[in-house]
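2 protein chains.
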Amino acid sequence: MNQTIDTLLNHRSIRQFKNTKLTDEQLDYIIRSAQQASTSSYMMAYTIIGITDAEKKAALAEVSGQPYVKDNGHLLVFCADLHRQTHSATSEDYNQMVDNLENSEHFLVSAIDAALAAQNAAIAAESMGLGICYLGSLRNHLERVDELLALPTHVIPLFGMAIGEPAHQPERKPRLPKSAIYFENEYQPHDDAIQTFDDQIAEYYQSRSSNNRSDTWTDQMHRRFKKTMRMDVTDLVQKKGFNKR
Amino acid sequence: MNQTIDTLLNHRSIRQFKNTKLTDEQLDYIIRSAQQASTSSYMMAYTIIGITDAEKKAALAEVSGQPYVKDNGHLLVFCADLHRQTHSATSEDYNQMVDNLENSEHFLVSAIDAALAAQNAAIAAESMGLGICYLGSLRNHLERVDELLALPTHVIPLFGMAIGEPAHQPERKPRLPKSAIYFENEYQPHDDAIQTFDDQIAEYYQSRSSNNRSDTWTDQMHRRFKKTMRMDVTDLVQKKGFNKR
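For the protein sequence lines, the chains are L and X, in the order given.
Okay, so the first sequence: first residue is 15 according to the numbering used here, each after it adds one.
Okay, so the second sequence: first residue is 15 according to the numbering used here, each after it adds one.
Simulated from the structure, these hints should not be mistaken for laboratory data.
What you are looking at is a predicted structure, and each value in this text was computed from that prediction instead of being measured.
Some clues are possibly wrong.
Identical chains share a label here; the pair holds if one copy fits it or two copies do between them.
[To be verified] Straight-line alpha carbon distances no greater than 30 Å define the calculated DSSO-like cross-link-like pairs of lysine-lysine that follow: (1) Lys253 - Lys35; (2) Lys192 - Lys71; (3) Lys71 - Lys187; (4) Lys258 - Lys35; (5) Lys84 - Lys258; (6) Lys258 - Lys240; (7) Lys241 - Lys35; (8) Lys32 - Lys253.
All chains, please: the whole structure from these sequences, using the hints.
Listed below in structure tokens is the structure:
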């Protein structure tokens, strides 16, 4: 259809990068693209932290458990940020704002604002031939990341993004069929579509060029959710003044 | 730089659409692009509902308070969806999964997954010359939207997106300066950058071609947060099995 849609449809996560730093020009396009994303009621409720310090990168790689958090062209951390909203507020203003600022509506707003900006950053990077990988794994130890980045109240890290020149070419990972995620007018039954996908994914895992195994999507999801993980996210989130009511 | 970055940097929200329905081909590119976005641990924890029923569109426009929710080329509602994760789970499986499924970590995961998919949809649409507007305003009455779309447990509406051929050409809205949202290695003071932006935005509001007024960004934020809004989002979110612990 066009170059942009080709970029979107060709996405795959890149987990091995060449040892080439992003140029200032590349980074500038990435950040400007992120900034131009839609934002709820003009709040721009996110912050991006670029990590250049080798020790900090190593510490974040330790939290994440992934080597490509250390070895890449650049590392970004996307944060939910409602701190700017109280800029130059008197204590009376602040007291009137805080109930609203700390409710789950604005937790949602700031997470969505950060995600929209991040996806623009991802697409800008991919359009320039770079590869990216989102790093939810920074939430393995959110408090440590929060400390490393010296984030004030009403700012929390959400996820990272490793960016760089791809050093591998992974296959494009199949997605659930359209009939399992897109419905008209109301939610529709789609058990058959998931079953079809499970059959397809079993074949994908058996035939792909590396890490092949016997598995389905449904089994993967059941395994994942049966062991509790990141139950401490709530504590840090609330301690920092998000999602309290 | 390239066509994709031009598209990203030229974004503006469109709030008046021509009376032309999206073609099946346009919609197909939009949904396929949404599906190819990154997703946390392969969860694909979102659902998209396309509204074609005139009565439902009118009801959603009433919730939103915006006429372009009814009058556009197509209307999408993006939902957080962890319902598929329990597909074909035995009740024993389900009981083991539910603690994890209903924690704030997975509320975050599903909101972010939905937002990444939505931003791909937005960019695909814009790359084809269409305009879009995000509709957080559906959260004005989340329970009503939830009922209209007949969403099961572990599925909630997050926001809508109106798409169509633009019938106006709004100016590009200025963003906070890069120095206010992008930092190296740790959070940095940026009061001066916000002050500069307030001066710039005051000028923008006074000189723009329609709806000009005297205002700053900081004042806007203070006004918005001083009146509580959508405090009921929490109730519906928790009732549907999200963000409970």
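For the identical chains here, do lysine 241 and lysine 35 meet the 30 Å Cα criterion within one copy, between copies, both, or neither? Classified as neither: same-chain Cα gap 38 Å, cross-chain 46 Å, threshold 30 Å.
At most 30 Å between C-alpha atoms: does lysine 84 with lysine 258 qualify within a copy, between copies, both, or neither? neither (34 Å within a copy, 34 Å between copies)
Lysine 258 and lysine 35: within-copy, between-copy, both or neither at 30 Å Cα: Intra 40 Å, inter 42 Å, cutoff 30 Å: neither.
At most 30 Å between CA atoms: does that hold for lysine 258 and lysine 240 within a copy, between copies, both, or neither? both (26 Å within a copy, 17 Å between copies)
What label fits lysine 192 with lysine 71 when the C-alpha limit is 30 Å: within, between, both, or neither? Classified as between; 22 Å across copies, 38 Å inside a copy.
Within a copy, between copies, both or neither: which one fits lysine 253 and lysine 35 at a CA-CA cutoff of 30 Å? neither (36 Å within a copy, 47 Å between copies)
When no copy is named, should lysine 71 and lysine 187 be tagged within, between, both, or neither for a Cα gap of at most 30 Å? within (28 Å within a copy, 34 Å between copies)
When no copy is named, should lysine 32 and lysine 253 be tagged within, between, both, or neither for a Cα gap of at most 30 Å? So lysine 32 and lysine 253 fail the 30 Å test inside a copy (38 Å) and across (47 Å) alike.
Taken one by one, the earlier hints fail for this structure at numbers 1, 4, 5, 7 and 8, listed in ascending order.
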